[in-house]
Every structure is written in structure tokens, then in C-alpha cells.
Amino acid sequence: MPELPEVEVTRLSFAQRIAGARIDGVRMGKPLRWPLGCEPEQLVGQRVLAVRRRGKYLLLDLSEGLLMLHLGMSGSVSFGSPLAEPGKHDHFDLVTSLGTLRLHDPRRFGAVVFASDEADAAAQKLLGRLGVEPLGDAFDVATFQQALKSRNMAIKQVLLGGQAVVGVGNIYASEVLFLAGIRPTTKALRISKARAALLHGAIRQVLAQAVAKGGSTLRDFSNAQGEAGHFQLEAMVYDRAGLPCRVCAAPIKSMRQGQRSTFYCATCQKP
DNA sequence: CACGGATCCTGATGGC
DNA sequence: TGCCATCAGGATCCGT
Numbered sequence: 079m080p081e082l083p084e085v086e087v088t089r090l091s092f093a094q095r096i097a098g099a100r101i102d103g104v105r106m107g108k109p110l111r112w113p114l115g116c117e118p119e120q121l122v123g124q125r126v127l128a129v130r131r132r133g134k135y136l137l138l139d140l141s142e143g144l145l146m147l148h149l150g151m152s153g154s155v156s157f158g159s160p161l162a163e164p165g166k167h168d169h170f171d172l173v174t175s176l177g178t179l180r181l182h183d184p185r186r187f188g189a190v191v192f193a194s195d196e197a198d199a200a201a202q203k204l205l206g207r208l209g210v211e212p213l214g215d216a217f218d219v220a221t222f223q224q225a226l227k228s229r230n231m232a233i234k235q236v237l238l239g240g241q242a243v244v245g246v247g248n249i250y251a252s253e254v255l256f257l258a259g260i261r262p263t264t265k266a267l268r269i270s271k272a273r274a275a276l277l278h279g280a281i282r283q284v285l286a287q288a289v290a291k292g293g294s295t296l297r298d299f300s301n302a303q304g305e306a307g308h309f310q311l312e313a314m315v316y317d318r319a320g321l322p323c324r325v326c327a328a329p330i331k332s333m334r335q336g337q338r339s340t341f342y343c344a345t346c347q348k349p
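The first sequence begins at 79 in our numbering and counts up by one.
If you're looking for bench data, these hints aren't it; they were derived computationally from the structure.
Backbone N, C-alpha and C define an ideal beta-carbon position, used for all residues, glycine too.
Among the hints, a few may not be true.
[Unchecked claim] Label pairs and their in silico Cβ distance ranges:
id	residue 1	residue 2	range
1	334	128	35 to 45 Å
2	324	164	38 to 48 Å
3	230	337	12 to 22 Å
4	279	344	19 to 29 Å
5	224	103	41 to 51 Å
6	206	119	19 to 29 Å
7	230	324	28 to 38 Å
8	333	103	40 to 50 Å
9	291	344	24 to 34 Å
10	117	164	12 to 22 Å
11	194	268	40 to 50 Å
12	161	219	42 to 52 Å
Generate the whole structure from the sequences, applying the supplied hints.
Structure representation (C-alpha cells):
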């Protein structure tokens, strides 16, 4: 469910409401991808100062530490008071004076990890190698062109890799390449500067628009207040194999790249 | 180092 | 209460 826009929409939906809250308790369900990294009691009594985002991670700044949340493939967050009794896929509750933050994650590829601060080894392991934020000023055309020049890999794989830029997941990778007119299999280092500039613009445009519209998701995305996103109504290629291209009417093609499905229009997107 | 693949887990879907 | 194969929004880890 969660690519960068969904994570950001989730953040926006509860960051203000949880700010200043005192942590009163922690409830853990089944194990997630990684252990919490501290005793749950260590969190109790701390304050949640702010909620930030880095890539697809939600970062809760605590009065004495940092709590990193990742939604994996199937995670979603809700925040409210009171919340219903935890269901079988609710694997982490942070009970606070202002409401309960709950991670619901059927596949359990998500994680909640504590670090004493951002320089902590636990934080560096997860955040240390992340690329530049696509919606920030540091994501400039020249740097992006440079990053592509060194990669002898299909451009779609580079986008998913998270080193040239973070936050582009499997859905938006197909969408962004369609908008830029670039075939997903094109090697990154063979993309001209002009086309790299187009791709750079497409990434910013698509992600920013998805955030503005409340996040995407084909099936079940909703923010922490339970409101659904609308981007799925506008996918140009993702999950549209065999359907006519919205621009040229040629049938959308699908293929596998690195165990992930890719969708593209062979007419609109050039190698 | 760069790259490709296996891997974690549960649920939905479709073919037979 | 049918069974089995395939696929799903991520990304780390490991072998080459």
C-alpha cells in the first residue's frame, strides 16, 4: 500500500494530533520485520514531539529517542481515541495521552524500531543509505542526471533502488516512466540529459499530485483517519495490462522486472 | 562495488 | 470449509 505519497498522507493525518502527547503504554502483537530495539517500558513516560518522514519511514521524535515506523507492503496506521479492540493484524499500539497510534499490517513486512537518536547505529542502518527526497530542494536535475549516468541497470530498477531518489515504489515507477516517455527497461546510463530532466520533472509532479490528492492505492489505502485516496482512478498504466493506453489507445503491456510487475505503453515510451 | 535473486508473511483471486 | 498456483504497495541480505 505505501509508497512515499501514502506515507506522507498518513503523516499529515496524525502529526498535529499526536504532537505533545505523553506515551502511557505499548502493546505489541506478532513480531514485525525487526525487533523494537528497546524495552517497551523505555518508551513509557516519553513525549512525542513531532512526526517527520524520511523516504517511506515515519519518524516519531520522542523526548529521548526516535521511533521509526515502516509500513512495508501491507501496513497502515490509525490514530484515535478510543480505538477498537486490536484485531489479529494489529501488531503495535502506542497508547498516548492524546490517543492510540496503531500499526495494522497483515503481512508483517513493516517495522517499528527505536533508536536513541538519528546518529544511532539502529537509525543509520535503516536511514543511512537512503537517497535524496524527491520533493525537496536537494533533488535537482543535475544531481539526478549524474546519478543515472553511473548505473548500468534498467531505469525502473534504479528508481525502485532508492539510492538515486527515495520514495518511488512499484506503482509510481511505472506511472512516472510513462509520463516521461521512457521504456522501463532502458538502462539508466543510456538516458540522455534531456530525458533525465523529463523524468526528474515527472517524479516530482506525480508524487506531489498523489500527496495532494490524498494518496493512491489500488485496494485499501486510507490515512490514519480512515479516509480513502483517489489516485487509483487516474493510473495511466499500472494494473492496466491489455487495456487501451489513455493517450494512444495501444494496449498496455506488462512484464516482470526483478520479481515485480511493470506496466508500460510500447508506443508512448521509447527505449 | 554493482547487480540479481531469494526471502520474510498473509490474503485474494482464478484455474482446475 | 476444495486445492493449488500465482500475485500483491518493500527492501534487506547474500552470493557472484
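Against the structure, the hints come out as follows:
1. 334 to 128: 35 to 45 Å: 40 Å, holds
2. 324 to 164: 38 to 48 Å: 42 Å, holds
3. 230 to 337: 12 to 22 Å: 19 Å, holds
4. 279 to 344: 19 to 29 Å: 22 Å, holds
5. 224 to 103: 41 to 51 Å: At 48 Å between Cβs, range holds.
6. 206 to 119: 19 to 29 Å: 28 Å, holds
7. 230 to 324: 28 to 38 Å: 32 Å, holds
8. 333 to 103: 40 to 50 Å: 48 Å, holds
9. 291 to 344: 24 to 34 Å: 28 Å, holds
10. 117 to 164: 12 to 22 Å: Holds: the Cβ-Cβ distance is about 20 Å, inside 12 to 22 Å.
11. 194 to 268: 40 to 50 Å: 44 Å, holds
12. 161 to 219: 42 to 52 Å: 44 Å, holds
Hint violations for this structure: none, all hints satisfied.
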